[in-house]
Amino acid sequence: MNDERIQVLLVEDNPAYARLLAEAFGGTESEAFRLTHLTRLDAGLDHLSKNPVDVVLLDLGLPDADGLRAVQGVRSVAPSVPIVVLSGRRDPELALEALRQGAQDYLVKGSAENEVMLRAVRYAMERHRLVAETELVRKRQLQVRDEFFSHVSHELRSPLTAIYEFASILADGIAGECSPCQRGYLNIILRNADQLESMIDDLLEVTRAETGKLTIELQRASLRAIAAEAVETVGAAAAAKHLTLCIELEGESPPVYADPVRLRQVLLNLLNNAIKFTPDRGTVTVRTEMWQRRPGHVLASVSDTGCGIPPDALEHIFERLYQTGDDSVEGGRKGLGLGLYISRELIRRQAGEIWAESQVGRGSTFYFTLPVFSLAGVLSPILKPGERRQSLALICLSLTASMGWRSVEAKSAAVLAGVHLLRRCILPDLDLVLPQMESSDGVERIFIVALAAPSGVEVLVNRIRGQLERTREFKDPSFYWRISSESVQIPREFEELSDTEFCAAVADLISLRADTHGTERIANDQEENSYR
Amino acid sequence: MEQKGSQMTKKKILIVDDDPDVRLGLHIRLKASHYETFLASDAMMAISEARKVQPDLVILDLGLPAGGGLSVLERFRANTYLAATPVIVVSAKDPAVNREESLKRGAKDFFQKPVKNETLLAAIQRLLEGDSRDVS
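Heads up: the protein sequence lines correspond to chains A and B, in order.
With the working numbering, letter number 107 in the first sequence gets 209, and the count goes up by one each step, no holes.
With the working numbering, letter number 20 in the second sequence gets 40, and the count goes up by one each step, no holes.
This is chain A alone, in the form it adopts within the complex (with noise of 0.2 Å):
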């Protein structure tokens, strides 16, 4: 039956009020408006999780939700519909404040006749409609804007590229013999190349942070590894500047839930700034331990011994084109003033937080956060209680080069592939990658755990070695994959267990049956020279 009466839900507890109103909604044989009415706040939201609404009508003392939680409770289970809130009270402050918790109305009983009731609900309806809209018209500005910095960005790189290409040409002599001063000039010019370049890629990552379109691969990461590369990567920078390089880890050092690849983005960030801004025979100290303010966090910071942030400064240095006044610091003002904004929006993405302490003329201490891999954690979602298995599929991706990977970028980009490869095998949500970045002989192995049955374990590897097969990456010679799987058979006693506990033992169990995996296989295929 097609209703097309405007649905209102009145929930007041007041029954002479109700009758009062359902009167002013011209009662049940009103064409326009069809009113049901509740007496409690939990009755209320369970009507509106099953059941159209177009309009609530909230009064604020109800018996079981005081003053504006009931507006945070209807907010909650519908957020798209609006809500006009009903009080006794004349409370100018109440009223702001269910307006800023998102109430389109506020209605005084007994000021309100007939006529401002209907007018409360059709304008409170039209304001909700409005706010939408504006949302969206907001949502497709962003785009457009997206859209124009990435033409633009790609546009500059042409010149840029014919740029570097001559100023390449003449530093190496190509074009006769160059000078050292010559050299020298040529190298300024490579430089600001370098750095235009770097000016477009935040460019294009900061529309890609506000339009959501930030790629962030979460896995189990090594934060030790990725600072001790980022280090080696500045290294030669550093050293221009004849500024000591230090990198200390305290302690224990357990994996991150992160994603490697923007976190080398924002430890060069940080280590580019502290380098920056140290003078001459300064410090640059990386660190990392775990987190004391909250357990199941990492911290890690950069800090030097440079110029120093002044407070004032100190609240804006992570906002958008924040650029230090400071023409003292050379080179203080180059870049775009976008890296700490999209280093911190990074971080957040990945569950951490960011900040920075400094003294003026001592030095500056950037701090982040980020939380420890947590196997159990990342499967609860998956080992739905009520659900329990008695067994879980363990698939796992072996991947290493013969002659060694070329690069960390290499290796990176080979176990993304892969990623991406068994994601798109797989069903979403249903099965789980967990690449394992920690390899000690140079196999990198990437293991999904998937709720197939035994039969279905076998289909899925198949699926898998198939798309491997046909898949460019991995037809190169001097990469070598392999494929192994296996059942993992849930011990009864499980069971017995509460959830929490659960998916802490099925986690252990698997990261053991992981492990077994890891090193058995390899030492296999090695003899039976079995890989590809």
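Any given hint could turn out to be false.
[To be verified] With a cut-off of at most 25 Å between alpha-carbon atoms, the simulated DSS-like pairs for lysine-lysine come out as follows: (1) Lys124/B to Lys513/A; (2) Lys51/B to Lys72/B; (3) Lys136/B to Lys378/A; (4) Lys128/B to Lys513/A; (5) Lys124/B to Lys315/A; (6) Lys136/B to Lys513/A.
Since the hints were made in silico from the structure, they are not lab data.
Given the structure of chain A, go ahead and fit chain B onto it with the hints provided.
Just chain B now, kept in the frame of chain A:
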């Protein structure tokens, strides 16, 4: 054509880019690295030059006018001889989508402009020295 004597035959590289400065820069750089270079500025020229010259490798700019970049790849793949010629795609555009699209059409590698000289030269060397690969 093999040349007799101690001189090694220079490998032939076809450079396809609609930007004349970028084209010239690549030409000078590759010539200095002892390759024989041929140039084309659009899709039609690319195909006709390739047929005439029979290059050992092609460097292709994806941003050719009228969507020519990807079509060059497709035309190459359709030609029995050219299908075996390795193509390196260089592009100003976002690798996110374009890398996949290029590799799918038979390109051997993809780089975003500007490419560092060492990176491009290493990729060229790798492809020219390697065994002939399957074209997927």
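Verification of the hints:
no. : hint                 : in the structure
1   : Lys124/B to Lys513/A : 21 Å, holds
2   : Lys51/B to Lys72/B   : 20 Å, holds
3   : Lys136/B to Lys378/A : 23 Å, holds
4   : Lys128/B to Lys513/A : 18 Å, holds
5   : Lys124/B to Lys315/A : 24 Å, holds
6   : Lys136/B to Lys513/A : 19 Å, holds
Of the hints listed earlier, there is not a single one the structure fails to meet.
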